[in-house]
Amino acid sequence: MNCAATGKWIDALLDGELDPKNAAEVEGHLAECPRCKQLYEARRAVSSNIRRLDLGYVAPESLRSRIGAMLEAEQAAAEQVASERRDAAAGQAGAQMVTPALAESARVIPIRQAPAAPTSTRSAVPQPTATQSARSATRGPARWVMLAGWPVALAASALLATVLLQQRSQEADEVVAAHVRSLLADHLNDVVSTSHHTVKPWFAGKIDFSPPVPDLTSLGFELVGGRLEYLDHQQVAAIVYRKHGHIINVLASLPGRDTANIPHTTHVQGYSVRSWRQSGLNLVAVSDIDPSELANLEQGFEAPPAPSPEPASPTP
Amino acid sequence: MGSDVDNRALRFRELIEPLLNDAYTFARYLSRDPSAAEDIVQEASLRAFRHLDSLRSHEPRAWLLTIVRNCFYAWREKVVQSGLRSFETDSSTDEAYGVAEEADEAQQDLDPQRILERTVKREAVREMVEALPAQYREALVLREMNDLSYREIAELTGMPIGTVMSRLARARDLLRKMWLERAGEGAVL
Chain A
1 MNCAATGKWI DALLDGELDP KNAAEVEGHL AECPRCKQLY EARRAVSSNI
51 RRLDLGYVAP ESLRSRIGAM LEAEQAAAEQ VASERRDAAA GQAGAQMVTP
101 ALAESARVIP IRQAPAAPTS TRSAVPQPTA TQSARSATRG PARWVMLAGW
151 PVALAASALL ATVLLQQRSQ EADEVVAAHV RSLLADHLND VVSTSHHTVK
201 PWFAGKIDFS PPVPDLTSLG FELVGGRLEY LDHQQVAAIV YRKHGHIINV
251 LASLPGRDTA NIPHTTHVQG YSVRSWRQSG LNLVAVSDID PSELANLEQG
301 FEAPPAPSPE PASPTP
Chain B
317 MGSDVDNRAL RFRELIEPLL NDAYTFARYL SRDPSAAEDI VQEASLRAFR
367 HLDSLRSHEP RAWLLTIVRN CFYAWREKVV QSGLRSFETD SSTDEAYGVA
417 EEADEAQQDL DPQRILERTV KREAVREMVE ALPAQYREAL VLREMNDLSY
467 REIAELTGMP IGTVMSRLAR ARDLLRKMWL ERAGEGAVL
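Top line first, the protein sequences correspond to chains A and B.
Position 45, counted from 1, in the first sequence is what the working numbering calls 45; the numbers after and before it change by one each time, with no gaps.
The number in the working numbering is simply the position in the second sequence, starting from 1, with 316 added.
Hints were generated in silico from the structure; no laboratory data involved.
All C-beta atoms in this analysis are idealised placements derived from N, C-alpha and C, irrespective of residue type, glycine included.
You may find that some hints are simply not true.
Chain B residues, not near chain A, derived (Cβ > 10 Å throughout) [unchecked claim]:
| no. | residue |
| --- | --- |
| 1 | Q397 |
| 2 | M461 |
| 3 | S465 |
| 4 | D489 |
DSS-like, lysine-lysine: derived pairs with alpha carbons at most 30 Å apart [what the hints assert, rightly or not]:
| no. | chain 1 | residue 1 | chain 2 | residue 2 |
| --- | --- | --- | --- | --- |
| 5 | A | K21 | A | K37 |
| 6 | A | K37 | B | K437 |
| 7 | A | K243 | A | K37 |
| 8 | A | K37 | B | K394 |
| 9 | A | K206 | A | K243 |
| 10 | A | K243 | A | K21 |
Cβ-to-Cβ under 10 Å is the rule here; a few derived chain B residues that face chain A [said to hold, decoys possible]:
| no. | residue |
| --- | --- |
| 11 | V321 |
| 12 | E330 |
| 13 | L331 |
| 14 | I332 |
| 15 | R344 |
| 16 | D349 |
| 17 | A378 |
| 18 | W391 |
| 19 | E393 |
| 20 | V395 |
| 21 | V396 |
| 22 | A447 |
| 23 | P449 |
| 24 | D463 |
| 25 | L484 |
| 26 | A487 |
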């Protein structure tokens, strides 16, 4: 590792943000280059002095009491709203019939939101104020009737959708994080090869599945190499391609609870993410390349442009 | 009933209140104005309380600081529109921050380590941090005082991690330079 490369990683090293392999390389250079070592020590001294001096502020008591008062006001206002809604719902129940469609749409709420029996953390949705009175009304025999009806049902399902989307994007987040890490820490490849005959066998014995490594040169995707990733307690094979200077990480994993939930296409922090199932594996491609290129890539994976559809067999 | 609101208030007290020092520190260094920082954190707390449900699996500190940052920008916008104050723009360059020239400068200080390790007064250094250009100051405060990871800082500021890293490097070098200058002027640090 030279001085320029080391300089880039000095702060990451002293902030403990480098993985052991790269940390060892940077430290190796520091050990033999007094210039870089000095810069490292200078920045580390700045950092440790700032921390030692404890330059943070303590929130003033006036602020804390303002926030406390605000909290109470919010609680009072919410109770006011809840009680008004309860009155209105009770009045409605006595006064009018509820159409089957209304009841149907409202039924979603207690089923999906029953706070007592979340089947998993994934289905434990937030508890919106809009449905508080609705939930409290689900105990009696007139539970469907007492629901506030459309507005609540719509709000609840919109909320549910948002929550599901958020959870999915968290999984996509992790994939993107893996992609960014691979670019950041210069840890793109464990095996560097433009030949799928080298990359595919390399995975054998390292993971308990054989990821597809198609030759996609005819589509403009140049194979760069592969590496192992460990993503949320799962071993993942990363197959790396390049097109027009963009790096594309294709992460292959056994169907698990995680990458399976990434939507077919999504965007995270400017990165395109595309996921699909193939030969019993979950595949996720992530890159800063145009999303349409990832669609091409997926097609290439599913129907390799080589004579043989089996990616492992020799191609001209 | 309102037990959900009560639950939310409970969660707020458990998750958010312990982070108020962090929030205030961040707001204070962003705005460089103690009373504005209070307003910003109060507004952020209100938003945090109302949207506490969306916290879910986010890390509370980074989540709250993101809200603080949004509130800071809203406040800044208002102040700028009122014409009372002007703010530096964050237009300065973010090109890869090299090491060569800084290494040369580090070389000139006979013993930067010794000078840096000297006992320094907190207020003097706080002033120096406040004097940093906004984007470097933000990265430094989030890292050194709020203790966020690179990834959290990148998400919060919408910057690539590489930029976070070079801003931190730049912030530390600038700070060191100021530190040494003060020491050179004979200021007791």
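Evaluated hints:
| no. | hint | verdict |
| --- | --- | --- |
| 1 | Q397 | 24 Å, holds |
| 2 | M461 | 4 Å, violated |
| 3 | S465 | 7 Å, violated |
| 4 | D489 | 7 Å, violated |
| 5 | A:K21 <-> A:K37 | 18 Å, holds |
| 6 | A:K37 <-> B:K437 | 27 Å, holds |
| 7 | A:K243 <-> A:K37 | 37 Å, violated |
| 8 | A:K37 <-> B:K394 | 46 Å, violated |
| 9 | A:K206 <-> A:K243 | 27 Å, holds |
| 10 | A:K243 <-> A:K21 | 27 Å, holds |
| 11 | V321 | 4 Å, holds |
| 12 | E330 | 13 Å, violated |
| 13 | L331 | 13 Å, violated |
| 14 | I332 | 9 Å, holds |
| 15 | R344 | 5 Å, holds |
| 16 | D349 | 12 Å, violated |
| 17 | A378 | 12 Å, violated |
| 18 | W391 | 15 Å, violated |
| 19 | E393 | 22 Å, violated |
| 20 | V395 | 19 Å, violated |
| 21 | V396 | 24 Å, violated |
| 22 | A447 | 13 Å, violated |
| 23 | P449 | 16 Å, violated |
| 24 | D463 | 9 Å, holds |
| 25 | L484 | 5 Å, holds |
| 26 | A487 | 9 Å, holds |
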